[in-house]
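This is what each chain is made of:
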Amino acid sequence: MKAPTDYAHLEDQFQARIDAEEKIEPKDWMPDKYRKTLIRQISQHAHSEIVGMLPEGNWITRAPSLRRKVALLAKVQDEAGHGLYLYGAAETLGAERDDLLDELHTGNAKYSSIFNYPTLSWADIGAIGWLVDGAAIMNQVPLCRCSYGPYARAMVRVCKEESFHQRQGYEIMLTLARGTEAQKKMAQDALNRWWWPSLMMFGPNDAASKHTAQSMAWKIKRFTNDELRQRFVDITAPQAEFLGLTIPDEHLKYNEETGHYDFGPINWDEFWQVVSGEGPCNRQRLKARRRAHEEGQWVRDAALAHAEKRRQRQAAKNNQKVA
Amino acid sequence: MSEKKNWPLWEIFIRSKNGLNHKHVGSLHAADAEMAIENARDVYTRRMEGVSIWVVESEHITASSPNQSESLFDPANDKVYRHPTFYNLPDEVKHM
Numbered sequence: 303m304k305a306p307t308d309y310a311h312l313e314d315q316f317q318a319r320i321d322a323e324e325k326i327e328p329k330d331w332m333p334d335k336y337r338k339t340l341i342r343q344i345s346q347h348a349h350s351e352i353v354g355m356l357p358e359g360n361w362i363t364r365a366p367s368l369r370r371k372v373a374l375l376a377k378v379q380d381e382a383g384h385g386l387y388l389y390g391a392a393e394t395l396g397a398e399r400d401d402l403l404d405e406l407h408t409g410n411a412k413y414s415s416i417f418n419y420p421t422l423s424w425a426d427i428g429a430i431g432w433l434v435d436g437a438a439i440m441n442q443v444p445l446c447r448c449s450y451g452p453y454a455r456a457m458v459r460v461c462k463e464e465s466f467h468q469r470q471g472y473e474i475m476l477t478l479a480r481g482t483e484a485q486k487k488m489a490q491d492a493l494n495r496w497w498w499p500s501l502m503m504f505g506p507n508d509a510a511s512k513h514t515a516q517s518m519a520w521k522i523k524r525f526t527n528d529e530l531r532q533r534f535v536d537i538t539a540p541q542a543e544f545l546g547l548t549i550p551d552e553h554l555k556y557n558e559e560t561g562h563y564d565f566g567p568i569n570w571d572e573f574w575q576v577v578s579g580e581g582p583c584n585r586q587r588l589k590a591r592r593r594a595h596e597e598g599q600w601v602r603d604a605a606l607a608h609a610e611k612r613r614q615r616q617a618a619k620n621n622q623k624v625a
Numbered sequence: 002m003s004e005k006k007n008w009p010l011w012e013i014f015i016r017s018k019n020g021l022n023h024k025h026v027g028s029l030h031a032a033d034a035e036m037a038i039e040n041a042r043d044v045y046t047r048r049m050e051g052v053s054i055w056v057v058e059s060e061h062i063t064a065s066s067p068n069q070s071e072s073l074f075d076p077a078n079d080k081v082y083r084h085p086t087f088y089n090l091p092d093e094v095k096h097m
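Note that the protein sequences, when read in sequence, are chains V and C. To convert a position in the first sequence, counted from 1, into the working numbering, add 302. To convert a position in the second sequence, counted from 1, into the working numbering, add 1.
Extracted from the complex, chain C is given alone in its bound form (with noise of 0.2 Å):
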């Protein structure tokens, strides 16, 4: 028997049509980038489902961590001015 290796992890994305951003699908695993595209094709489009697909090994992937998630994503909470309905103005401006 092979000593035990295994065909490395790739995440998919997929454009399900042009004029939009690719997606992630989910992953499988495949021996190299022409095999990981291959096999995205016949496992994440078999109706139609993509016009273009992208594959990454997911050990190259950097993820944020949930942890991080208070000290990334709360500062914005606060930041109510950036939106458009913070700012008041009177009913008969129109096309604002």
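Chain V with its partners taken away, still in its complex shape (with noise of 0.2 Å):
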């Protein structure tokens, strides 16, 4: 046990450490909330990815046609890819992978709410490429900086991937807004749904934000959740604009003073309603993250049962040659 004087002597040295822009490796010391942060940040992170396969899942055997549809299949399998990149970084911190998955499906964790929300027509499938990745894109990529190593790492990654998935969703978003006139109500709807729960995505405003302070002097963090925010309206504004759609927000609007479009309140009421749990889907989705886990038990079992009788056989016949 050490003294509480040394504990705060290496609390310091880390500190100095970060204020240096140094990566801090696995085996560092590093203060026991910086690790808990940090697991309880990529985890959540893994957990957005992995259930977010749920929604846009729902469209692969409908998509309207062969490119889309193997377009869509490759954007999914990414998701599964980048949730197992960041199990991996949050394992490197002595997290168990099956104690992060239980507490994914008891509820315990939690997971990007926005994909607690339906996809109701194909158009949402270009909305969440175009609105949700992008407003994931806007998040990640600081965090291509974030202090953590392995995090680091796999956000790299990640944001190298993610950039085709915004482009995909605006492209059918494109294609639907040059379409016929049903088509562009269809694109219209679907950005009237997507668009404040993708605001929200960026988290509570930075006042209300209780993690924010020590994050970013961890630099875990780079940037406030409405730095980030902002930066996102300012680039999608134009965007939607060339799209000919409209922003569900009577208040957006270019400020030629500041440089930025103001935009009107947020629901926190809708946001913090959908993180306890009461969304459209909450329900749904962890229903269905359980399912395949339970019904996968049985896989996992077997696949382990196998590989240990090839290393029984493998013994005996090591020993054979032996005698």
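Check each hint, because a few of them may be wrong.
As the list claims (entries may be wrong) - Heads up, simulated DSBU-like pairs for lysine-lysine below, C-alpha to C-alpha not over 30 Å straight-line: (1) V:462 - C:6; (2) V:338 - C:6; (3) V:325 - V:521; (4) V:329 - C:6; (5) V:325 - C:18; (6) V:338 - C:24; (7) C:24 - V:521; (8) V:329 - C:80; (9) V:611 - V:623; (10) C:80 - C:95; (11) C:6 - V:412; (12) V:512 - V:338; (13) V:555 - V:486; (14) V:486 - V:371; (15) V:329 - V:611; (16) V:462 - V:371; (17) V:412 - V:521; (18) C:6 - V:611; (19) V:619 - C:6; (20) V:555 - V:487; (21) C:24 - V:462; (22) V:325 - C:6; (23) C:6 - V:335; (24) C:24 - V:329; (25) C:95 - V:325; (26) V:412 - V:325; (27) V:555 - V:335.
These aren't lab readings, by the way, just hints derived from the structure by calculation.
Work from the hints to combine the two standalone chains into their complex.
And the structure:
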């Protein structure tokens, strides 16, 4: 057991390394709270990737062309890959994969609340790629410089792959927006439903965000929620205009003075309601996750049994050779 | 339910093209080495990132500890004579 003064000294040294932009690697000393914060954030991020496969998977069999179908399949497969990179990064901090999944399946761990909204039409796949992946990229690009090495490296891979996701989504929106009246309406309806939840993806306002200050000091986070949200609105508003679609916010207006778009108030009651499990699809998503996990148990067991049998067979063969 | 037994963790190394080293890219779980290679193919080489894969069970890796880094790496700090710039030569001498 270390004396408290030693701990304070170690913490100072640790902060000095962070301030000098040094990366922290798995076996380095780190404060318990840094480790816990990272495990929480990385595993939530991993859960979001995995649960994020569900709303999109809903449309794979009904994609309107083979081109769209292979793209959507590849995208959903990417999300699985991203979840795996991230679980891997969380495990370098001493977390066990099974415990992380338990946390998800029991509802103790959070995932991005955006995935608790339903995908009602094909245009939703376009809106998700454009807006949801767009917001995710905005959040994730600064994470490539996060102070924890394995997380930063995972994010580099994720960001490289996400840009295809956003482009395929925008292409879907563009096709619909330039299509028939009914298609254009479908695109507008998807934008109407996904716009506000996308803005909520950046999390509570800075004043209400309890983790922000410490995470910024540790250089896990590089920008605040509100900074990133503003950047997203600034980039996305002209993209909507190009599509000829209307963002469902009567207050949205370019502000010559600030050089940014002003936008209306976010319905935080809705946000907290969805976070606390009362969104349109929370139960459905968790049920699908749990079912997939439980129904896969025999496969995981069988693979282990098979591997063990082969190991024993090989060992017996080796023994024979020796004899 | 089965007793809680998990697939072991494997570290994955990928050679991105011939002529380059295998490089550590991350880890994953698999029941055995063969499955680790198959999973690594799906997880780490979806966009032609590799031509060869090595997998090794994480528990078989012995790593140096950050606490040792002084004793391991510091002795090299004061051995600047191992670097070419330590030696003073006149500018007229070319190609050296």
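We went through each hint and held it up to the structure:
no. : hint          : in the structure
1   : V:462 - C:6   : 34 Å, violated
2   : V:338 - C:6   : 25 Å, holds
3   : V:325 - V:521 : 10 Å, holds
4   : V:329 - C:6   : 25 Å, holds
5   : V:325 - C:18  : 28 Å, holds
6   : V:338 - C:24  : 29 Å, holds
7   : C:24 - V:521  : 27 Å, holds
8   : V:329 - C:80  : 27 Å, holds
9   : V:611 - V:623 : 19 Å, holds
10  : C:80 - C:95   : 25 Å, holds
11  : C:6 - V:412   : 25 Å, holds
12  : V:512 - V:338 : 15 Å, holds
13  : V:555 - V:486 : 23 Å, holds
14  : V:486 - V:371 : 21 Å, holds
15  : V:329 - V:611 : 34 Å, violated
16  : V:462 - V:371 : 21 Å, holds
17  : V:412 - V:521 : 22 Å, holds
18  : C:6 - V:611   : 15 Å, holds
19  : V:619 - C:6   : 26 Å, holds
20  : V:555 - V:487 : 23 Å, holds
21  : C:24 - V:462  : 18 Å, holds
22  : V:325 - C:6   : 33 Å, violated
23  : C:6 - V:335   : 29 Å, holds
24  : C:24 - V:329  : 19 Å, holds
25  : C:95 - V:325  : 41 Å, violated
26  : V:412 - V:325 : 27 Å, holds
27  : V:555 - V:335 : 41 Å, violated
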